[in-house]
Amino acid sequence: MLNILKKLTFWFVIFSLTVCFINLSGNDDKNILIYLTNPLNPLLNDWLTKINTNPETTSFFRPLIYLFHLIFWGGVGFILDRLIMKLKRNR
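Going by the working numbering, 67 is the number at position 67 of the sequence shown; the sequence numbering is gapless.
Check before you lean on any hint, since a few could be wrong.
[Unchecked claim] In silico SDA-like links for lysine to any residue, alpha-carbon gap of 25 Å or less:
{"no.": "1", "residue 1": "Lys6", "residue 2": "Thr18"}
{"no.": "2", "residue 1": "Lys30", "residue 2": "Lys50"}
{"no.": "3", "residue 1": "Lys86", "residue 2": "Ile71"}
{"no.": "4", "residue 1": "Lys6", "residue 2": "Glu56"}
{"no.": "5", "residue 1": "Lys88", "residue 2": "Phe10"}
{"no.": "6", "residue 1": "Lys7", "residue 2": "Pro55"}
{"no.": "7", "residue 1": "Lys86", "residue 2": "Phe10"}
{"no.": "8", "residue 1": "Lys7", "residue 2": "Leu70"}
{"no.": "9", "residue 1": "Lys88", "residue 2": "Val13"}
Read the hints as simulated data drawn from the structure, not as lab findings.
Can you build the whole structure from these sequences, using the hints too?
This is how it looks when you write it as structure tokens:
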């Protein structure tokens, strides 16, 4: 259990889940926090806007944004953990 606390992936996923829960609770009603903490959102802005303006797909918008946020931060943590592991092995 203590080993997982040393991984950046764990902490980045906790950060991502916290941001998603803040957004879901209504404290980020303009989606500014979730937009600013995920660098993928500006790249996908046009596509996400089309999804959000279509009334039939509005129910898929929030979970999709949360999924992108979680995948991005989990991926960043995983890559950084692998780089740290590689640097420790080379020492």
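- Message: Let me make sure I understand: some of the numbered hints might not hold for this structure. Which ones are they, in numerical order?
- Response: Hints 4, 6 are the ones this structure does not satisfy, whereas the remaining hints hold.
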